[in-house]
Structure formats: C-alpha cells, structure tokens
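For the protein sequence lines, the chains are A and U, in the order given. Read in the working numbering, the first sequence has 22 at position 22, and its numbers run on one by one without any break. Read in the working numbering, the second sequence has 303 at position 35, and its numbers run on one by one without any break.
A couple of the hints might just be wrong.
Simulated DEER-style distance windows between Cβ atoms [claimed, not checked]: (1) Gln262/A with Gly333/U: 51 to 59 Å; (2) Ala251/A with Arg538/U: 52 to 60 Å; (3) Trp480/U with Thr206/A: 39 to 47 Å; (4) Arg290/U with Ala89/A: 30 to 38 Å; (5) Thr206/A with Arg512/U: 41 to 49 Å; (6) Ala479/U with Leu106/A: 54 to 62 Å; (7) Leu45/A with Ser450/U: 26 to 34 Å.
Everything labelled a hint here was simulated from the structure, so no lab data went into it. Quick reminder that beta carbons are idealized off the backbone N, C-alpha and C, glycines included.
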Amino acid sequence: MHLLRLYFRLLGAQVRSQLAYPTAFVLDALAAALVTGAEFSAFALVLPRFGGLTGWTLGEVALLYGLAELAFVLMDFLFGGFDAPNLSAHVRTGSFSTFLLRPVPLPVQVFGSDFALRRLTRVALAAGIALYGVSQVDVAWSAGDVLLLAGSVLGMIAFFGGLFVVGGTLTFWTVESVEAMNVMTYGGRTLISYPMSIYAEWLRKTFTYLIPAAFLSYFPVLHLLGRPLPDGLPGWAAYLSPIVGPLMLAAAFAFWRVGVRQYHGTGS
Amino acid sequence: MNAALLRREGGLSLRQYGAAARLSFRRQFAYPAATFWGLLTNLFFGALRVAVLLALFGLKPQVAGFTPADAVTYTGLTQAFLAAFSLFGWYDLMRTVHRGEVVTELLRPHSFLGFWMAQDAGRAAAQFLLRGVTILALYAALWGLNWPEGASGWLLTVLSAGLAWACGFAFRFLVNGAAFWSPDAVGIGRFAWALMGLACGFLMPLAFFPAWFQTLLAWTPFPSMMNSTVEVWLGHVSGAAALRVLGVQAAWTVVLLGLAQFVLARGLRRLEVAGG
Numbered sequence: 001m002h003l004l005r006l007y008f009r010l011l012g013a014q015v016r017s018q019l020a021y022p023t024a025f026v027l028d029a030l031a032a033a034l035v036t037g038a039e040f041s042a043f044a045l046v047l048p049r050f051g052g053l054t055g056w057t058l059g060e061v062a063l064l065y066g067l068a069e070l071a072f073v074l075m076d077f078l079f080g081g082f083d084a085p086n087l088s089a090h091v092r093t094g095s096f097s098t099f100l101l102r103p104v105p106l107p108v109q110v111f112g113s114d115f116a117l118r119r120l121t122r123v124a125l126a127a128g129i130a131l132y133g134v135s136q137v138d139v140a141w142s143a144g145d146v147l148l149l150a151g152s153v154l155g156m157i158a159f160f161g162g163l164f165v166v167g168g169t170l171t172f173w174t175v176e177s178v179e180a181m182n183v184m185t186y187g188g189r190t191l192i193s194y195p196m197s198i199y200a201e202w203l204r205k206t207f208t209y210l211i212p213a214a215f216l217s218y219f220p221v222l223h224l225l226g227r228p229l230p231d232g233l234p235g236w237a238a239y240l241s242p243i244v245g246p247l248m249l250a251a252a253f254a255f256w257r258v259g260v261r262q263y264h265g266t267g268s
Numbered sequence: 269m270n271a272a273l274l275r276r277e278g279g280l281s282l283r284q285y286g287a288a289a290r291l292s293f294r295r296q297f298a299y300p301a302a303t304f305w306g307l308l309t310n311l312f313f314g315a316l317r318v319a320v321l322l323a324l325f326g327l328k329p330q331v332a333g334f335t336p337a338d339a340v341t342y343t344g345l346t347q348a349f350l351a352a353f354s355l356f357g358w359y360d361l362m363r364t365v366h367r368g369e370v371v372t373e374l375l376r377p378h379s380f381l382g383f384w385m386a387q388d389a390g391r392a393a394a395q396f397l398l399r400g401v402t403i404l405a406l407y408a409a410l411w412g413l414n415w416p417e418g419a420s421g422w423l424l425t426v427l428s429a430g431l432a433w434a435c436g437f438a439f440r441f442l443v444n445g446a447a448f449w450s451p452d453a454v455g456i457g458r459f460a461w462a463l464m465g466l467a468c469g470f471l472m473p474l475a476f477f478p479a480w481f482q483t484l485l486a487w488t489p490f491p492s493m494m495n496s497t498v499e500v501w502l503g504h505v506s507g508a509a510a511l512r513v514l515g516v517q518a519a520w521t522v523v524l525l526g527l528a529q530f531v532l533a534r535g536l537r538r539l540e541v542a543g544g
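Hey, can you work out the whole structure from these sequences and the hints?
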C-alpha cells in the first residue's frame, strides 16, 4: 500500500508539471489523438473503394485495431518508464545510479518515471474505435465474450509491457541495437491491428509460434466472430492471452534482474 | 539583448552554403549501426504496408488508377523518402531556439533560412542515398518496382522529388518557428507531423480517398510534399499535366518559404535569450 501511494505521488508530480503550460498540453493531447486517428481514418476512408479486406468488414477490422491500440496505449501509461529511449537517457546521464541509491524499490521508481498524461486522448479514441467495432460485428454478446475480450486486453498489456522491459534492460549493455526492439513493440502492435491472414505464411507463423502475438487479440477476435483458428488450432487457444502475456512479462523481469545486477553506470 | 541587431545581412557566398550542405551530408554517415537498424525497421513496416494494400486489392486488377504493382511501388517510394523528407518529424531548429544556441548562428554573416536549408539539403541527400536507395533496391528485389518511363519520366521525377523536399522543408521550418513563441512547441510539432503524414499521402495514396477529401487536400500544400512525386514517378501524370503538377509544387514552395522568412523575421524580433 505504501509503495502504491508512493507510485501515485510520482505520477501526480508529473501530471502537475505537464499541466503547467495548459495550451501546450491541449495541443499535445490533440496531437496524440491525431496520430491514432490519422492512421485509422486513412484506412477507413479508403476501404469503401475496395469493398473489404479479404472478407473482413470495417467494423471487424475496427475491433482488432481498437483492441490492439487500446492495450498498447494503456501499456504505455504503465510501462513508459521502461521504454528504451526513456531508460537509456537515465542510464547515459547517470540518473539511473541515483535510482539505486534511494530507499524505494527500483521498479517502483522506473514505473513512476515517465507518465505522459497527453496520451489520455489516445485511450479515449482507441476505446471509441473498439466500441465502434463491438457495435458493428454480428455477435450475440455473452458474459464469456466480454471476459474473452477483457482477458485479451490484459494479456496484451502484459505482453507489450514485457517487450518494453526487455528493450529497457538492453540499454544497460548497448544503446544501438535497441532500435531493433521497435520492430517487436511498435511493429508487433501494427501487425496485430489487421487480420493476420493477410500476411505471408512465414510472417504469420513467426508471430504465432516464435513471438506468440497472434494469441493476444487475433485468436480471441476470430473465436468471437465464430471463425476457425488457423493451422487447425483448437478453439480454447483463443483463451490463452491472459497466460501468454504474463508469462512474457515474468520472463522479461527475470532478464531485468540480470541486467540490474551487472549494471555498472557510465561514470557520468 | 535584441537578437535582430545581431543579424548581419550579406556575405552571400554560394561556397559557404555548399560547405554547410557537404558537412551535413557527411555527418549522416557517422552512425552505421543506427542506419542498419533503421533500415531493418523501415523494411519491416514496409512489408506490413505492402500486405495491407495487396489484401485490399484482392483480385481487383486496378483501383483508382493503381495496379497492385503501382501500390507496391508507392509503398517503396514513401518508405524510401521517409528519412530524407523527415516525415516522422524534425525538431532541430526548435531545439536550438529553446536551448539558446540560436544566438551563435545569428552571429554568422549569412542568411539564417538559407543556411538551414543548405544543411537540410545535405542531410536529405545523404539520407536518401543511405536509406532511400537501399530501400528501393530491396523493394525491387523482394516485390518488384515500377520505374519512371524514359529520360523525361526520370527528369520530371527527380525535379518533383527535389521540390517535394523543398516544400516539406519550408513547412518543417515554419512549424519549428513556433518555438519563438512557445516554450513548449513540441506538441505543435507532433500535431503538424501527424497531419502531414495523412495529407501528403504517406499513410495511403491520396487517389484512394473519397473525392471530397481529395478536393479538400488539393487546396493545401501537403500533396506537394510527397504525393505529387509518387504520381509523377508512376506516370499517372505525364507531359503537360506533369509540368502543371511541378508548377503547383514550385508555387507552394515559394509561398511557404516566403512565409517561413516572414515568421522568422517576426520571431527574431521577439527573441529573448536567457543566459547561455
């Protein structure tokens, strides 16, 4: 409880500083929404020209896109401190060493070190896109369906949070190769925003069996729409998101502990 | 201190601008590892965009004048120009204003706008050679590309690409100019880049958009920053029509550069540098 209070005090301090220039904040918040809005509206605006996306309607794609975006932005709120650019700045300037000196658990400090309130507009927009999808798809909603989607979002938050932790940990050793993590984080987010049947076989299989991103939202949405999973996978595979995500996160924090143990500062 | 007093005009020497461009060009080659990983990321996102566009086409041979091969070429071009045109944002000028470093530059005896433009030209040329040409070669190998037709097609394309860079530079310079008025202009920048990404045809070819949206965009300078070059490259406009497109690009470039010069003059008049 004490740690939670500490965490929220860290967030509160950042929120107050971000509201210091209200005009700049409003513009920044609008810009955050426009990034999500522009990408999805570009897709939505051109879809009528083509009719559909290999049998997927706009509503169905909106559901996939909205869920992935919602989970990713919520994850960014929570795990922003671990994001490589943020953490590597702390490592390079030496302020990470002061984290180690304070009598507060290290993860609490990192969790509370980068909270961008402006992303709230993106959460609202992503939720809006997902809700539009929910209203458009032909599904008789049951409590199980709602739980399936909620589990999908929670699994995605843990999964991408884990990727952020891995990327952040890598900055203890190197700054350069961290850019490749973007392929997995932002790339993975973009990849699962569209039905994965549109990708080449090797790409889809890589992101199913090697990096299990397909389990996070693609399989739950397929199951919800009453469509079979690819490769003859059983229906219960759609319910694995709340297991796949936390497993990824646990592995990431094990890696983090190794990284912190060998961290030796930059001397600045 | 009144910064406008510091600014001396004259000394306009082409050699100086050439040197600025050359140094800026060379600087881009300093981080080969970053270039490599950047290329990998670029190619991955490019592959995702190709997959979405080809899936949209399905079995249709042509949509809005685009064949599937045109759409793949479009994706390759936009990914290739991404770094050269700084489509994901550019805050260099903003940073020098916020940090006060702008004063040192104002002491130099040459045009401030011209100096920045020369530097950005060097940066853009190097980024196009490093990343753009490599991306185009990889696209040609992986998916195949349509090329401009004949010597005139190539000439028009090269001219259009140059104008797209110049027009985009003027817009980026204008947006960065907000730093003279706001201590936190990054948000204005983020907003501007998101708008540019949609309106210049980076996210989707503008020809796929509904007619009303295309008409709206035709009144803005954004298509001149990317979409026009794609149309000329693909030969969707040729001959007199292509010259007209280039004319529109040139006109917007002149207008935006004029605006940038005006905003710069106003900004410098109110610039206050607090300490060093």
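To see whether the hints hold, each was checked on the structure:
1. About 57 Å separates the C-beta atoms of Gln262/A and Gly333/U, a value consistent with the hinted range of 51 to 59 Å.
2. Between Ala251/A and Arg538/U the beta carbons are some 54 Å apart, a value that agrees with the proposed interval 52 to 60 Å.
3. Hint check: Trp480/U to Thr206/A, Cβ distance near 41 Å, so the stated range 39 to 47 Å holds.
4. Take Arg290/U and Ala89/A: their Cβ atoms lie about 31 Å apart, and the range 30 to 38 Å holds.
5. Take Thr206/A and Arg512/U: their Cβ atoms lie about 46 Å apart, and the range 41 to 49 Å holds.
6. Look at Ala479/U against Leu106/A: about 56 Å separates their beta carbons, and that is inside 54 to 62 Å.
7. About 31 Å separates the C-beta atoms of Leu45/A and Ser450/U, a value consistent with the hinted range of 26 to 34 Å.
No hint from the list above goes unmet by this structure.
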